[in-house]
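The residues making up each chain are set out below.
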Amino acid sequence: MLSMKNISRVYRTELIETHALRDLSLTVEGGEFVAVTGPSGSGKTTFLNIAGLLETATSGEYLLDGSDVSRLNDNQRSRIRNEKIGFIFQSFNLIPDLNVFDNVDVPLRYRGFGGSERRQRIENALQKVGLAARMHHLPAQLSGGQQQRVAIARALAGDPVFLLADEPTGNLDSLMARQVMDLLEEINRAGTTIVMVTHDPELARRAHRTVHLLDGQLANPDPFSPPADSAPTAVSTVA
Amino acid sequence: MFFYHLRLARQSLAKQPLLTALMVAAIAVGVGVCMTVTTFLYSISGDPIPSKSDQLYTVRLDSWSPDEPFHDDRPEQAPWQLTFRDATALLESDIPLRHAAMRKAVFTAVPENDDVAPFLTVSRMTPNDFFPMFNVPFLYGGPWDDRFDETAGNVVVLSKETNEKLFGGEDSVGREARFGDDYFRVAGVLDNWDPNVLYYDVNNGPLNPVEDVFMPFSIMGAREINGSGNTNCWKDEIIDTYWDLLQSECIYIQFWAELPDAATRERYQSWLDGYTDSQRELGRMERPNNNQLTNVTDWLRIREVVGDQELAVWSIAVLFLVACLVNTIGLILARFVAKAPVIGLRRALGASRFDIFRQHLVEVGLIGFVGGLIGIGLSFLGLIGVRKLLPDTADVTSLNLELVAMTVLVAIAAALIAGIYPTWRVCKLQPAIYLKTQ
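Protein sequences, first through last, are from chains A and R.
If you read the first sequence in the working numbering, its first letter stands for residue 1, the second for the next number, and so on.
If you read the second sequence in the working numbering, its first letter stands for residue 1, the second for the next number, and so on.
Please keep in mind that the hints were generated in silico from the structure rather than gathered at the bench.
Computed from a prediction, not measured in an experiment: that's the story for all the values here.
Note that CB positions come from ideal geometry on N, CA and C, so glycine has one too.
Mixed in with the good hints, there may be bad ones.
In silico contact screen, one side only, chain A against chain R (beta carbon under 10 Å); selected entries [stated by the list, open to error]:
hint, residue
1, 79
2, 98
3, 101
4, 112
5, 123
6, 154
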C-alpha cells in the first residue's frame, strides 16, 4: 500500500541544513489504521507532506499502491493526489464560499467525472458521514465536528487508496473529537487505510499501530513489523 | 470546466467588492479613454463610402511651376487642386460616368420670416453629378436639372438643418430662398448625411460638417462668386479682376470623377495625358505629365487625415491604458496572494498548475469583461466630451457595433495581460505551506 525506504528530507539555506527526515523507512499495509506520533519538530508534518505527495523527498524511495512515486513531476503528483489520496486536515480546510455539496465536489471536478457521477459520489459520501441533509449549508453554518465530517466526505468521495489525516480532532472539543474518531474507525473497518498524524496519545491508542517519530527518525525499533492488531481483510465501503 | 471556473470567479469577485470595483475601474477607465481616442481616429480614417470608394477618384494635374514641385518633400505628388480653366475643360469629357468640379463659398442666408435673423451658410458650388456620385440622400426633391448647370441657373439644394432654419423643416421644394442679394429656387432638401470625413474636400477642413447649401458650379464664374478655402499660386501673374483669377495658374478647384471600371479609368487617364500634352503645346503644363487619379481611401491616406498629432494623442491614450494595467497587475496580485490558502488546498486535492492557471485566467477575463462593459459607457461619455470640445467633429464621433465589440475584447485582452503574471505566481505556490495555516 505505502512503502517508504530510506526517505530523507533536507531543507537547505545559505547558512544551515535542517534534516527534517533521516532515512525513514515505513510500510503501511492495506486496511491498516496507523498513527504517527512525535513531539513538535520531530518531522510529522514533513512525513505527511511527503506521504501526501505535497513535497518530494531529498532521497529515498516511495512506493504507493505498488508504483514508485518518488520522481514524478508536478502534474503526475497532482493526479495521484487526486485519485489515490484523501486528505483530512486539522483546520478542516473547507472553502468558505462553497456550500457543503460544492466543497465535496472540488476533488471530483479535477478528476473529470461527469455531472451525474459527481452528484452520486457526493451524495453517497455525505450520507456516510451523516450530513446528506446539510449539503446546501455553508461551512460557517456548521459546527466544527460537522465541518470535519464534510472534510472526511470530501476525502472519501473519490474512493482513495488511503486517507491521510493531520491532527483530525485538533480543533474539536472532546465530544466532537470522539464522534470524528468513531467515524474514522468505522471507515477503516470498512476497509479504507488510514494514516493519522497526531500528538495525542489517547487518539494514537485507537489506531492499530503507532509509529513514533523523533528527530526525523522512527523511534519504533522495527518499522516493518506487521500490524499490532488484525486489520480487516475484506475491503468494502462504509455502509 | 469553463463554466465551473466562471462560477468560482463570480463568487470570488463578489467576496471582495471593493477590490473588485478598483480592478474593474482601472480596466474600464484605461479602456474607455483608449477607445474614445481610437473611435475618433477610426471614424476619421475609415472608408467613408465603402460601396464606391474604389470607383471615385480625385483628379489631379501637375500644372505647377516648372522650377519646383508642388511638394518639396513629396515631389511625386501632383498638386492637391486644379485651376479653374483645367477643371472647366475636364468637365467636357464624357468618359467618366459622372464628374464634379467644386468650390466652397460662404453666403448670407436671409430667411423669409423677419423674426429670424440672417445667418451665414457654407455653400458648395458643384454640378448636379455631385449628388448621385457621392450617394447623397434626399429628404425632399432631388438634384437640379442639367439645364441649371448649363445656364448657371439660380437653384439650390439645402441641407436638412438649413431647411429647418429657413422653412421650419417643411417640404420647401419649388420655394425660393434668398442667399445674399439673389433668390434661388429649392430643388431638393438633403436627408441626414454623415460621411464622417469631407473626403471630397480635405483641403478645407476634413472634419468640417457637410455644407449648408449646394449650388451649380457654373454660377461661380457667371456671378463672379468669391470662393473660400485654400488657393495656391506659383506664377507671377497680375490678378486684378475676377476673370484674371479664373484664367490664372492658381489652384483652388477640387475635382472628382466616377470611373466604374479599370477600362474606363485607363481611357480617362489617357484622355487626361492627352489634355496636358495639348496644354503643353500652348505653353502651359511645363512639368512632365503627372496626372493622377486617386481613389477615396488612398486619398485620405496621402492627405494624412490621421496625422502625426493625432497618432501622438493615440499613443498617450495607449500609455494611459498601460498605466492602468500596471495598477491592475498590483491589485490582481494582492487578491491572488490573499487566496493562496485556498489555492494550496485545491492543489492538495488534485488541481494541477494548469487547472489553477486556467481558473484564475477566467477570473481576470471576467474582470476584463465587466471592465469592458463599463468602458463602453465611459467611451460613450468621452465621445460626448469630444463633441463638446470639437463641435466640428460631431458627425464622426459615434460608437458602432464593431467598436463596442472591440472595446470588450480589448478590455478582456488587457485584463488577461495584466493577469498573466499574478496567475503565474499563484501557480507556483507550494500547497503544503498553506494547508496548516488556512
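Against chain R, run the beta carbon of residue 123(A) and see if the smallest gap drops under 10 Å.
-> Result: violated, 19 Å to nearest chain R Cβ.
Is the shortest C-beta separation between residue 79(A) and chain R less than 10 Å?
-> Where the cut-off is 10 Å and the nearest Cβ of chain R is about 7 Å from residue 79(A), the hint holds.
Hey, does the residue 154(A) contact hint survive, CB to chain R under 10 Å?
-> holds (7 Å)
Go through the hint on residue 98(A) and say holds or violated, using the shortest Cβ distance to chain R against 10 Å.
-> holds (8 Å)
Interface hint outcome for residue 112(A) [beta carbon to chain R under 10 Å] | holds (9 Å)
Hint status (Cβ of residue 101(A) to nearest Cβ of chain R, threshold 10 Å) = violated (13 Å)
Checked against the numbered hints given earlier, this structure breaks hints 3 and 5; the rest are met.
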